[in-house]
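Participant: So you can see what is in the structure, the chains are spelled out below.
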Amino acid sequence: MKNVFASKWGIIIVGIIIGVFASLLQFWGNPANMGICVACFLRDITGALGLHRAPVVQYLRPEIIGFVLGSFVAAYAFKEFRPRSGSAPVVRFILGAFAMIGALIFLGCPWRALLRLAGGDWNAIPGLLGLIAGIWAGTGFLKRGYNLGATRKTYKAAGWIFPIIMAGFLVLMLLNPKISGEPQSGILFYSVEGPGSLHAPLLISLVIGLAIGFLAQKSRFCTMGALRDLILFKQGHLFSGIIGLTAAAFLTNLLLHQFNPGFIGQPVAHTMHLWNFLGMALAGIAFTLAGGCPGRQLFLSGEGDGDAAIFVVGMIAGAAFAHNFGLASSGAGATPAGMIAVAVGLATCLLIGLTMRENIGGILG
Amino acid sequence: MNKIVDARGLSCPQPVIMTLDEIKTTQEDKILIMVDTDTAKENVCRAATAQGWAVAEIQPEDDGYRITIRKED
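If you're matching them up, the sequences are chains A and B in order. By the numbering used here, the letter at position 124 of the first sequence is numbered 135, and the numbering carries on one by one without gaps. By the numbering used here, the letter at position 23 of the second sequence is numbered 33, and the numbering carries on one by one without gaps.
Just so you know, the hints here were simulated from the structure itself, not pulled from any lab data. As the structure is a prediction and not an experimental result, all values here were calculated from the model. Even for Gly, the Cβ is constructed at its ideal location relative to N, Cα and C. Take the hints with a grain of salt, since some may be wrong.
What the hints assert, rightly or not - If you anchor each label on the Cβ, the simulated ranges turn out as follows:
(1) A/V15 <-> B/T35: 28 to 36 Å
(2) A/L183 <-> B/K81: 52 to 60 Å
(3) A/Y166 <-> B/D39: 35 to 43 Å
(4) B/A60 <-> A/G97: 30 to 38 Å
Claimed, not checked - Computed list of lysine-lysine pairs in DSS-like fashion (alpha-carbon distance at most 25 Å, straight line):
(5) B/K34 <-> A/K154
(6) B/K81 <-> A/K19
(7) A/K13 <-> B/K81
(8) B/K40 <-> A/K154
(9) A/K245 <-> B/K40
(10) B/K81 <-> A/K154
(11) A/K154 <-> B/K13
(12) B/K34 <-> A/K245
(13) B/K40 <-> A/K13
(14) B/K81 <-> A/K245
Looking at chain A on its own, in the form it has when it is part of the complex:
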C-alpha cells in the first residue's frame, strides 16, 4: 500500500497544516510565536507536574498529549505499531536532557525557531544557523560511523506505556482543571501569568494535537531530519515539509496581524545572538545523535519506540534541570549557568559522537 502522506506533496501539505494551525493556536490563546513548541510545551508540562517551580511556565499542554496519542492511533490504524527498545537508553536520556537545555537557552525547539521566523522574530535567525551548524556537526559523526546500535522488538505492553502515560496526563488535567487566578488545582500547577498562563481552549489544543500527531506519524515529519538529509544526502524531501510549515505560518500570521518584524521586544525571546546560536547548536547535535527532533521523538514514542520515549523523558528531566538550576534563558538573555551548561553539553555530545561508532559508513566519509 502506497503511503500518500510520505509523498512529496504529502509532506508539504502536512507542513502547511502544522504551520496554519500553529499560527491559529496563537490566535486562539497560545503564547506569541509559540503556537506549537515541543520543547517549551514539555517544559510547561514539567512545571505543571511540579518538577520545576518556575511559576510562569506551568501548564499541562494538551498538544503534546495529542501528538503522542494521534501518532499511536495512526500507527495502529495502518499496522505500523512496533514496540521496540534497547538502543542505548541512557545515552538517549542524556541527549534528551541536553537537547532541552540547549533549546531553553535559545527559547524554543526547531518548530518554534521556524514559527518565530514566521512571526518576524529575527532573533530566530542565529538560532536556525546554530541548528544547521549543530546538525552539520552531527552528520560528521554519522559519516564516521556513529551509531547508537540496534533496537530490539519488545513486549506490546512496553510500547503502550508512553501513550498510557499521556492518556494519564489528560485524566489528571480533567480531574484537576484550571481555576482562574489560582496557581494550583489539586496536584497540578497552573501559571497565573507569563507564557504558561496563555493557552488555547483545552479541547481545541487536544484535537489539533491529535490531528498533527496522526499526520506527522504517517508523513515522518521531522525538522532535524529535514536539514540532516539535505546535508548528508542532498535530499530535500523532509526539507520541503519545513518550508511548507514556515510559509504557511508566515501567511497565516499576516492574515491574523501576528507578523511583527524586528529584533527587540519579541515575545519570549532574547537578543544575545551568540547564545541563540550556541543553544540551538547544542540542541541540533543532540537531536542528530538521537535521530529526531523533539516532535519526531514524540511521534516515534506513539508508535511504540521506547528509545524515543526515553529521549522525551530526558527532555523533561532537562527542563527540570534548566529551571531548577537557572540554566534557562529569559527575555533578559542567557544566564552564566546556562553558558556553562552549553559548554558541558557540547563536550558531552562530542564524547558521545566520537566514541559510539562502528565502521559501517566509511564511504560517505
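Take the given structure of chain A and dock chain B to it, following the hints.
Facilitator: Just chain B, lined up with the frame of chain A:
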C-alpha cells in the same frame, strides 16, 4: 549472489547510509536490504531511486521488509 544489507533494528539514517554505501561499492546490479520499520522502507526506496536504482520488489517478512533494488541500465 545478491548483496545483502541487514539494517534491521537500526533507525534512520543508518539504513539509508548502509544502502548508499553498498550502492557505491558493489559490483552487483542487485542489492537486498532488510529493514524493520515502514519509515526505513520508505527512506531506503527514496534514496535508491534518487541514485538511479529501481525498487524491484518489497516483500513483507516477519516484522519487516525485504527490499530488492536493481541497477537501472
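Participant: Run every hint past the structure and note whether it holds.
Facilitator: Evaluated hints:
The supplied range of 28 to 36 Å is met by A/V15 and B/T35, whose beta-carbon atoms lie about 34 Å from each other. One distance hint, 52 to 60 Å for the beta-carbon pair A/L183 and B/K81, holds here, with the actual separation near 56 Å. Checking the proposed 35 to 43 Å range against A/Y166 and B/D39 shows it holds: the Cβ atoms sit about 41 Å from each other. Range check, B/A60 to A/G97: Cβ separation about 31 Å, and the 30 to 38 Å hint holds.
Distance hint between B/K34 and A/K154 is fulfilled; the C-alpha atoms sit about 14 Å from each other, no more than 25 Å. The suggested pairing of B/K81 with A/K19 holds, with an alpha-carbon distance near 23 Å, which does not exceed 25 Å. The hinted pair formed by A/K13 and B/K81 meets the criterion: a straight-line CA distance of about 22 Å does not exceed 25 Å. At most 25 Å may separate the alpha-carbon atoms for a hinted pair to count; B/K40 and A/K154 meet this at roughly 24 Å.
Our distance criterion of 25 Å between C-alpha atoms is met by A/K245 and B/K40, whose separation comes to about 23 Å. Of the pairs offered as hints, the one joining B/K81 and A/K154 holds, with about 24 Å between alpha carbons and a cut-off of 25 Å not exceeded. Restraint check for A/K154 and B/K13: satisfied, since their Cα atoms lie roughly 21 Å apart, inside the 25 Å limit. At roughly 16 Å between alpha-carbon atoms, B/K34 and A/K245 fall within 25 Å of each other, so this suggested pair holds.
Among the hinted pairs, B/K40 with A/K13 is consistent with the structure: their alpha-carbon atoms are about 23 Å apart, no more than 25 Å. Distance hint between B/K81 and A/K245 is fulfilled; the C-alpha atoms sit about 20 Å from each other, no more than 25 Å.
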